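Under the numbering used here, read the sequence shown as residues 87 to 197, first letter to last.
These are computed hints drawn from the structure, not numbers from a lab.
Since we're looking at a predicted model, the values are computed, not measured.
Please note: incorrect hints may appear among the correct ones.
Straight line, CA to CA, 25 angstroms or less: simulated PhoX-like cross-link-like pairs of lysine-lysine [stated by the list, open to error]:
| # | residue 1 | residue 2 |
| --- | --- | --- |
| 1 | Lys185 | Lys162 |
| 2 | Lys171 | Lys185 |
| 3 | Lys172 | Lys103 |
| 4 | Lys152 | Lys103 |
| 5 | Lys172 | Lys185 |
| 6 | Lys128 | Lys171 |
| 7 | Lys185 | Lys103 |
| 8 | Lys172 | Lys152 |
| 9 | Lys103 | Lys162 |
| 10 | Lys128 | Lys162 |
| 11 | Lys103 | Lys128 |
| 12 | Lys152 | Lys185 |
| 13 | Lys152 | Lys128 |
| 14 | Lys128 | Lys172 |
| 15 | Lys162 | Lys152 |
| 16 | Lys185 | Lys128 |
| 17 | Lys103 | Lys171 |
| 18 | Lys172 | Lys162 |
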Amino acid sequence: MSQELDVEQYTKNEAFKTLVAIEEHLASFSNAPMFCTACLRKHFSYLEILAEECFPAQCTINPVLKIIREWAISLKNNLENLDEKKIEEIAIQAREFRKRIEEEPVKHLTG
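Could you put together the complete structure from these sequences and hints?
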């Protein structure tokens with residue numbers, strides 16, 4: 087018996103966890119910038135993928151995913167020479183997106 091996947095809930099959960107990971111990497115960025123830059127690039131790419139996969143399913147969280155996708159794309163290739171102010175700004179944005187994702191209701195799409 088196969089279990090149906092709730093596409094929107096999965097996307098919401100994965101985006102939430104990825105934003106948490108971004109926040110954590112930014113919190114320790116000054117200790118390991120090379121490690122964190124590579125991981126941040128990976129996490130931003132994953133957010134982009136999550137959003138793109140949910141768009142065709144007409145997820146109710148698509149409006150916030152669209153904003154997160156644009157944010158992730160703009161940052162993933164601009165992580166060199168980050169200063170503390172920029173790191174803090176990105177961390178605040180990630181936290182705000184995480185809270186928005188957490189509060190968004192889902193309509194439970196299965197596929």
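Which earlier hints can't be squared with this structure?
-> No hint contradicted; all consistent.
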